Amino acid sequence: MSTFPNHRCESCESSLGSPDSMAAFESRRSCLLKMGRGLAGLALGVMLHRESAAAAHAWSPPDGLPHFAPKAKNVIWLFMNGGVSHMESFDPKPMLTKYAGKTIAETPFADTQDPKKLALERLVVPDANGNQRNTLYPLQVGFRRHGESGIEVSDWFPHIARNVDRLAVVRSMWTTDSNHGAQTQFHSGRHRNDGDFPTLGAWVHYGLGSLNDNLPQFISIGTREYWNKRDGYYLGPAHDAVPMRIDPSNPLDFGQPQRPLAAGEQAIGVELIRELNGMRGGLYPHDPALAARIASYELAFKMQRSVPEALDFSQETEATKKLYGLDLPHCREFGAQLLASRRLVEKGVRFIQIQHGGGGAGAWDAHSGLKGNHESLSRAVDQPVGALLEDLDQRGMLEETMVVFATEFGRTPGSQGADGRDHHIFGFSVWMAGGGLKRGVVHGATDEIGFHAVENRHYVTDIHATILRQLGLDPRKLEVPGRKRLEIDYGVPIGEIIA
Amino acid sequence: MNHHLGKVKVRLSSSNPPAFTFRGFSVAMPILFLIRSVTVGRWVAVAVLAGAIHASHEPLGRANERVDYERDVKPIFAARCFACHGALKQEGGLRLDTGASARRGGDSGEAIAPGDVESSPLIARVTAEDLSERMPPEGEPLEPEQAAMLAAWIAQGADSPADEKPETDPREHWAFRPVVRPSVPEPADAGWGRNPIDAFIADYQQRHGLVPQVEATRAELIRRLYLDLVGLPPTFEELASVNAVQSADWYERLADRLLDDPRHGERWARHWMDIWRYSDWWGLGDQLRNSQLHIWHWRDWIVESLNADTPYDEMVRLMLAADELHPNDLDKLRASGFLARNYVLFNRNQWMDETVEHVGKAFLGLTLNCAKCHDHKYDPIEQVDYYRMRAFFEPYHVRLDVVPGEADLSRDGIPRAFDGAVDAPTYLFVRGQEAQPDTSTVISPGVPKLLAFHELNVEPTPLPAEAWQPERRAWVREAYLAAADKNVAAAEGGVAAAISRPAATEDATKAAIADAERRVAEQTLVAALMERRSVKARFDAMQAAWANVDDATPNATLATAEKAKTAEAVAAERQAAVAKANRSVADVELRLLRAAADAKAPLETELNTARQALEEAKKLAATPATESDRFTPLMGAKWTPTRFLNSTADDPTVTFAPQSTGRRTALAEWITDDRNPLTARVAVNHLWTRHFGAPLVATTFDFGRKGNPPAHVELLDWLAAELMESGWSMKHIHRLIVNSATYRMSSSIAWRESNLASDPDNAGWWRRAPIRLESQAVRDSILSLAGTLDLTRGGPPVIPAEQAASHRRSLYFFHSNNDREMFLTAFDEATVTECYRREESIVPQQALALTNSQLVLDSSKLIAERITKLQEADSPASDDAEFVRRAFHALLGIAASDGEIASSLQALESWRQHPEQTERSPRANLIWVLLNHNDFVTLR
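Protein chains in written order, with our numbering: chain Z, 1 to 499; chain E, 1 to 940.
It cannot be assumed that every hint is accurate.
Said to hold, decoys possible - Below, a list of computed lysine-lysine pairs in the DSSO-like style, where the Cα atoms sit at most 30 Å apart: (1) E:Lys600 with E:Lys563; (2) Z:Lys117 with Z:Lys102; (3) E:Lys861 with Z:Lys302; (4) E:Lys332 with Z:Lys484; (5) Z:Lys321 with Z:Lys302; (6) Z:Lys102 with Z:Lys322; (7) Z:Lys438 with Z:Lys477; (8) Z:Lys322 with Z:Lys371; (9) E:Lys638 with E:Lys332; (10) Z:Lys71 with Z:Lys98; (11) E:Lys165 with Z:Lys484; (12) Z:Lys484 with E:Lys89.
Claimed, not checked - Over 12 Å on every C-beta distance to chain Z, these chain E residues come out as not near it, computed from the model: (13) Gly109; (14) Thr825; (15) Val856; (16) Val929.
By construction, these hints were calculated from the structure, which means they are not laboratory data.
This structure is a prediction, so every number in the text was calculated from the model and none was measured.
Virtual Cβ for every residue (Gly too), placed ideally from N, Cα, C.
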């Protein structure tokens with residue numbers, strides 16, 4: 001169970017590193033930055049050799065290898081912006097219907113309002129939203145048990161429900177930002193008031209080498225609001241996700257020549273670039289930057305072919321396309337994103353981050369009209385997500401691919417206005433599947449009205465820790481000198497859902 | 001397994017492989033006893049026979065090895081104990097920075113009993129379960145193997161070397177001592193150097209057996225000077241003219257010329273904009289949440305100041321306190337954009353935290369932010385010092401001042417700081433938590449004791465009336481009247497147009513519409529005229545009021561005049577309102593006429609409302625003004641509203657006060673005082689870093705004790721002294737640096753491989769470090785070579801939607817958290833929130849941007865055409881080899897080798913032969929290749 005450390009400190013120097021590590025760090029770091037990541041094995045041998053015993057305490061940058069045997073290789077991170085109601089998705093609460101219209105104080109669950117329990121919240125600013133709503137609002141959708149595991153899922157997610165025996169559902173999440181800064185918080189583990197910190201995907205990109213140098217290793221699909229637009233922060237822009245569009249003719253920025261240039265012409269040029277750079281090697285021996293640049297051109301040239309290939313669905317069967325709902329207007333967009341994700345994972349992309357309903361507060365932010373909102377958004381994502389799980393599993397890929405279905409917070413058990421629910425940080429659900437996790441399990445629980453996570457509580461970084469564990473990374477070994485990480489940043493892997 | 005050994009319960013863990021699990025972490029240990037002392041009642045971890053951390057992978061045979069104090073014990077003390085029990089602080093009179101002082105103990109007696117672990121309070125404290133007992137009191141407890149190591153050391157007698165030196169006194173830290181100009185060394189081999197910088201470097205090199213690299217080629221030096229000093233490669237014309245200079249001092253003359261070039265200010269402004277966190281505004285949609293509108297005025301001030309060689313200390317003073325030092329000087333007020341940029345709509349603490357952190361890092365190289373929650377672990381900064389620093393800034397808010405010629409603040413205005421919340425108290429936050437202010441004590445502004453060299457002089461600063469009543473500024477009235485005149489002129493044009501339109505006599509509806517259009521035009525003109533009259537009357541009334549207030553003695557004439565003018569202004573404003581309402585009615589009438597039959601109903605309602613409004617306006621205008629009636633004053637500045645209290649409404653207005661607290665002036669004086677040991681050192685380090693691609697002090701934002709002393713501290717001090725004694729002239733330092741032999745070396749390692757073994761990291765500056773050009777320099781260079789760079793200086797930033805088509809220098813691009821310009825992003829664009837150094841990554845996205853972008857593909861054609869044309873002047877245009885030579889020289893600063901020429905010629909031929917040719921010429925393709933050459937994005 002995670003708790004906050006007894007104090008916070010934003011970015012002060014680590015008390016762990018020894019002072020004499022700084023100078024050594026500086027030169028190695030600048031060399032490494034010049035090398036860039038994703039150029040695994042490239043002239044790195046010299047730079048990255050293990051430090052001698054004398055410098056055993058000195059910091060050294062990641063060598064691109066896992067710290068221990070990984071169970072998973074790839075991550076498909078699905079993030080529902082705005083805040084999905086946990087009670088109307090993966091943590092149904094019939095008590096809401098039973099006590100509908102009553103204030104919480106009038107129900108047997110009055111103790112949920114204990115101010116000590118509510119003190120979790122850290123405000124950016126008082127706001128009309130992000131408040132407690134005390135009149136219980138009935139469930140807006142039915143639910144039933146599914147699969148052999150008998151896990152309850154709401155009727156808005158029939159396709160995911162069909163796959164429930166593949167999921168590890170965590171019903172005991174909590175966070176601290178009661179406004180949409182929680183979007184960032186779910187990715188970085190830090191509250192907005194603390195400043196900007198690298199996201200999980202950036203850490204993975206920083207820590208692990210490439211699975212396939214022909215493709216960017218960290219891809220972002222979908223709209224992102226300004227507070228959640230970047231990933232690298234102090235790890236550097238080279239660890240920002242590469243934005244990708246599901247458009248084979250123009251998937252990446254600069255992925256294709258923006259002016260007519262025949263492939264053959266380009267090939268002659270790329271060969272000449274290689275040759276000319278190579279010739280400079282005589283004048284500039286031992287220049288790691290030159291070697292890295294030569295390699296980066298080879299990768300880039302391959303990338304501009306491999307990326308459109310990954311998005312070319314003509315090689316997919318009609319049945320597969322139908323499975324993802326590409327023939328259905330209501331879920332075509334997300335279906336194409338997920339089919340592309342499967343293809344990218346197949347080709348060795350490490351981390352794909354998909355933002356659903358991103359921009360502003362986020363589409364799922366159902367302060368009013370929750371029923372209509374969630375009904376239509378779940379239709380947009382449900383079938384593609386179910387398809388992804390089945391497709392990955394059929395191909396044997398789910399074993400090494402983690403699928404994460406997450407959102408910034410849940411929604412209040414009480415009603416906001418006539419027919420909405422407000423932001424709710426004290427308890428909400430996410431689920432993960434594959435990558436060596438248990439299948440068909442529920443972990444943690446909220447109380448009977450879905451207010452507080454009460455069993456096996458988990459802060460958002462426990463999800464990060466679980467993913468890093470499965471990828472073979474120890475976040476404590478990804479230290480960056482001059483940047484203090486707190487206990488809460490590391491999180492604790494959720495051992496109970498790991499197979 | 002558990003054994004009971006008398007009073008002591010021992011759990012022996014020596015399974016194979018030996019492992020010990022503590023709080024979820026598995027720790028490999030040869031043999032570890034956890035002893036629960038029954039008498040003391042707590043667990044004590046003791047590695048009686050431990051080889052501990054370093055032996056964890058060793059066979060058990062090493063278990064008898066003695067603990068090595070220096071290797072095994074001291075690092076634990078240093079990492080976890082020195083902060084409170086070392087040179088910085090001696091809590092409880094105890095120091096643990098030497099073995100001897102550890103054995104000596106503290107005020108309450110011994111800390112360790114050599115040979116007797118159980119009687120050693122130190123072990124009891126580091127393993128205490130009770131948090132009020134446990135050491136260290138903050139953060140995680142010691143790892144069990146660390147505690148075990150300490151115990152083993154004590155068990156073995158707690159030996160330490162006799163000659164061990166204690167931690168140095170923080171006052172002796174190199175960066176906290178006053179800057180004293182060191183004498184310039186006289187190296188044995190003086191032949192190499194050109195100026196004192198080289199004497200320091202040569203002295204170091206000769207002491208370390210390093211041999212300096214040869215000077216770079218002339219072509220390389222020209223490109224280096226241009227890119228370093230103006231951020232652009234030489235144009236073809238410039239290159240030709242520099243090459244034509246034969247005099248021995250061509251280099252120095254070129255350096256002087258480039259330092260005087262206005263493009264120099266733009267180049268170096270971008271560096272300082274990184275450090276000073278320049279950012280255009282960002283927020284959700286249209287809601288401004290960070291930084292300010294029109295913050296570009298600050299950017300322009302930076303550019304202009306650098307070009308004018310405004311002293312660095314003056315620039316710092318203005319950025320921190322221009323509003324107190326020059327309260328009515330708009331040009332100088334632009335500097336306080338530095339503070340205006342820190343605006344945060346929703347959260348004052350975040351705003352203050354960022355301000356303290358980055359004032360500390362940027363100007364002082366102090367990580368003040370580390371003392372927000374607790375005393376600084378390395379530097380003599382107490383937690384309260386953090387809040388003392390915050391108190392300097394506590395009163396300041398941000399406002400926009402009207403600039404000459406523009407009365408509309410949404411279109412232009414100077415974003416600037418002012419002391420508004422003059423009574424806002426500063427409290428220390430317990431453990432840094434904003435929910436826990438210690439309201440028992442109001443914190444006054446102050447600086448860390450160790451860095452104080454004089455009594456801080458915080459004097460409230462009276463402000464001239466124009467500063468806190470900016471509507472008094474002459475240009476404000478002019479701006480409003482000019483805007484009113486402009487409206488009148490536009491309305492007159494409207495009337496003329498309506499009248500000149502031929503009358504539509506045939507169609508009654510059309511005629512009615514034409515009539516109504518004419519009425520709208522006429523009413524618009526009347527409204528504009530009345531508004532102009534209202535503006536004039538209101539300014540007249542305001543001036544009468546000022547005259548009355550400014551007169552020291554009661555003056556009946558002035559008072560009467562004020563009353564009369566006020567009444568006139570009230571009346572004029574009311575009449576203007578009538579005219580405006582008339583215009584509205586005419587407008588709705590026109591729209592009603594134009595509307596289709598089924599769309600008329602809502603317009604009828606609107607017309608009724610407009611007519612009612614008109615009646616009310618008329619009624620009010622007919623009422624004579626009473627003494628209590630007030631007109632709407634015209635603003636000379638507008639407070640930028642905050643929403644600290646509730647995000648759905650602005651906070652109560654912060655008004656402009658007739659005096660400022662003087663706090664920031666006091667801070668600025670302390671920072672820029674020659675006695676401040678940090679300011680000049682930090683500044684010259686920033687300059688050095690950008691000239692040389694690597695800093696003298698590795699942590700450019702942290703000169704504290706955490707970092708290693710720099711290898712060239714004397715050189716740094718010499719430069720700092722030069723900066724101050726030159727009157728803080730940055731151009732003086734630029735000149736010294738670029739004219740040094742150190743700067744002029746080649747960046748190659750060739751022929752100097754012998755240096756690699758002893759100094760692979762170039763600590764002795766025996767060669768120049770190649771620099772991956774910054775994002776802006778890459779883009780600007782391409783445009784410049786293509787001849788399409790738009791050198792317009794200053795003004796509002798190029799917004800994202802217009803950037804693709806813009807040829808302005810990149811520093812003029814809108815730079816904020818809302819958007820990413822993808823070409824610049826690929827080359828490690830400055831992070832908006834903090835960028836003390838640029839990253840220099842090499843990633844495939846850069847290759848894609850350079851091979852595929854419209855910018856490069858278009859520019860390569862233009863560059864090829866330019867070179868071909870220049871070539872025509874003095875050699876056969878068809879000579880490809882000549883073209884190749886010229887292209888290498890201009891784009892890369894390289895004299896092309898035979899091999900490079902041969903390969904290029906061969907590629908030209910291949911392109912010519914290629915069957916699927918586009919309209920691109922082979923020469924354009926060659927230029928495209930050279931723009932992708934490693935040395936194009938590298939400053940050799």
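Status of each hint after checking the structure:
no., hint, result
1, E:Lys600 with E:Lys563, "violated (47 Å)"
2, Z:Lys117 with Z:Lys102, "holds (21 Å)"
3, E:Lys861 with Z:Lys302, "holds (25 Å)"
4, E:Lys332 with Z:Lys484, "violated (38 Å)"
5, Z:Lys321 with Z:Lys302, "holds (27 Å)"
6, Z:Lys102 with Z:Lys322, "violated (45 Å)"
7, Z:Lys438 with Z:Lys477, "holds (26 Å)"
8, Z:Lys322 with Z:Lys371, "holds (27 Å)"
9, E:Lys638 with E:Lys332, "holds (18 Å)"
10, Z:Lys71 with Z:Lys98, "violated (43 Å)"
11, E:Lys165 with Z:Lys484, "holds (28 Å)"
12, Z:Lys484 with E:Lys89, "holds (22 Å)"
13, Gly109, "holds (27 Å)"
14, Thr825, "violated (6 Å)"
15, Val856, "violated (9 Å)"
16, Val929, "violated (5 Å)"
Going down the numbered hints, you'll see the structure goes against 1, 4, 6, 10, 14, 15 and 16, while the others check out.
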